[in-house]
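Student: Sequence:
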Amino acid sequence: TADQHTVVLPRGARLPAATSAATADWRPVHLPVGERVAEIVWHRLRLPIPVDRLCGMPDVYHSPNFLLPPLARARGVVTVHDLSYLRLPQYAFPALAEYLRKTVPRSLERAELVLADSRNTAADVVELLHVPPDRVRTVYPGVGPAFGPAEMDGELTALAGSYGLRRPYVLCVGTIEPRKNLVAAIQAFMAVAPRLGSGLQLVLAGAIGWLAEETMGAAQEAGDRVRLVGRVAEEDLPALYRQAEALLYPSHYEGFGLPPLEAMACGTPVIVARNSSLPEVTGDVAVYCGTDAESIAAALDGLFTDPSAQERLRRDGPARARLFTWEKAAETVRSLYHELA
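Take the sequence shown: its letter number 287 is residue 287 in my numbering, and every next letter is one higher.
Since the hints were derived computationally from the structure, they do not count as laboratory data.
Keep in mind that a hint or two might mislead.
Pair ranges (Cβ atoms, derived) [what the hints assert, rightly or not]:
1) N65 <-> E234: 15 to 23 angstroms
2) D134 <-> E311: 41 to 49 angstroms
3) T175 <-> R195: 52 to 60 angstroms
4) P194 <-> A233: 30 to 38 angstroms
5) D153 <-> R195: 33 to 41 angstroms
6) A72 <-> R44: 29 to 37 angstroms
7) A2 <-> K102: 38 to 46 angstroms
8) D3 <-> M216: 41 to 49 angstroms
9) R101 <-> R53: 23 to 31 angstroms
10) K102 <-> W210: 13 to 21 angstroms
Yeah, the Cβ is synthetic: ideal placement off N, Cα and C, and Gly gets one too.
Sequences are here, hints too, so could you generate the full structure?
Tutor: Here it is as structure tokens:
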């Protein structure tokens, strides 16, 4: 018989409009409570109310974000995106880190399978949470079709109108928080920018996260060389990558790292830190750096003074990115469901 899919939603929630066509045959089931109450009931009070009894007793129940509710009969699958709160607790929001330290291990004990966004995260799950390797699978995220090297008519003008941007600029994408290492990125950029061109700017695109004050202060101190544009609309991201001279991504730790993948898909050269999962994503189609300002500055200097390297990265990035597709991820997950069912 054909697969049947049920999407469990908190009370009042809806499927995103972009997914409605792809999930036309999926049956939404709403919980009797909202997301916050469900989280308290299952993960703080730990009440043994099986979620599968609320959604038609499926064969497999997949929770895509760290925490798996109690189950009566369904075989559980849970996705772990990263373990930064254990690897680098100094960069995690303390209350959230403490909550995850208590709740994630219980969820993984319930799960028949644990899915990780990268081999590096899978290894972290085995090492730090002691999950047997045969219960862990790597499923890489993908990049959507909107991310490609072909420019759209008027996209630079649109970016100027929406965000006040002008070329040339180096781009950083991600939440403004300590783990993203943006203070070192600003310091490195300011050290090399004078010799890379008088008009070159560093653009920081991302929502304000926790402990952002030091980054905000460093950006303001840098003056008009550094631009903070806030969170960028999803539909504007491809153009933002395409118009950049390079993506700079010196993060201390990533479970996967979507911005480097998206930038490569758009044909934008990428500079990334050589740690955690990032080399899995970018392979040999990136310039690598450490996380200190001196190493980041050297990588920027090296890329901007080597036109042949820039050309190679622009040429090879889209092909590298095509190795990671949502279709491939979906097919892998579907086959794992069938193994369990």
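Student: State for each hint whether it applies.
Tutor: Consistency of the hints with the structure:
no.	hint	result
1	N65 <-> E234: 15 to 23 angstroms	19 angstroms, holds
2	D134 <-> E311: 41 to 49 angstroms	44 angstroms, holds
3	T175 <-> R195: 52 to 60 angstroms	30 angstroms, violated
4	P194 <-> A233: 30 to 38 angstroms	32 angstroms, holds
5	D153 <-> R195: 33 to 41 angstroms	34 angstroms, holds
6	A72 <-> R44: 29 to 37 angstroms	20 angstroms, violated
7	A2 <-> K102: 38 to 46 angstroms	39 angstroms, holds
8	D3 <-> M216: 41 to 49 angstroms	48 angstroms, holds
9	R101 <-> R53: 23 to 31 angstroms	28 angstroms, holds
10	K102 <-> W210: 13 to 21 angstroms	19 angstroms, holds
Consistency note: the structure conflicts with the earlier hints numbered 3, 6.
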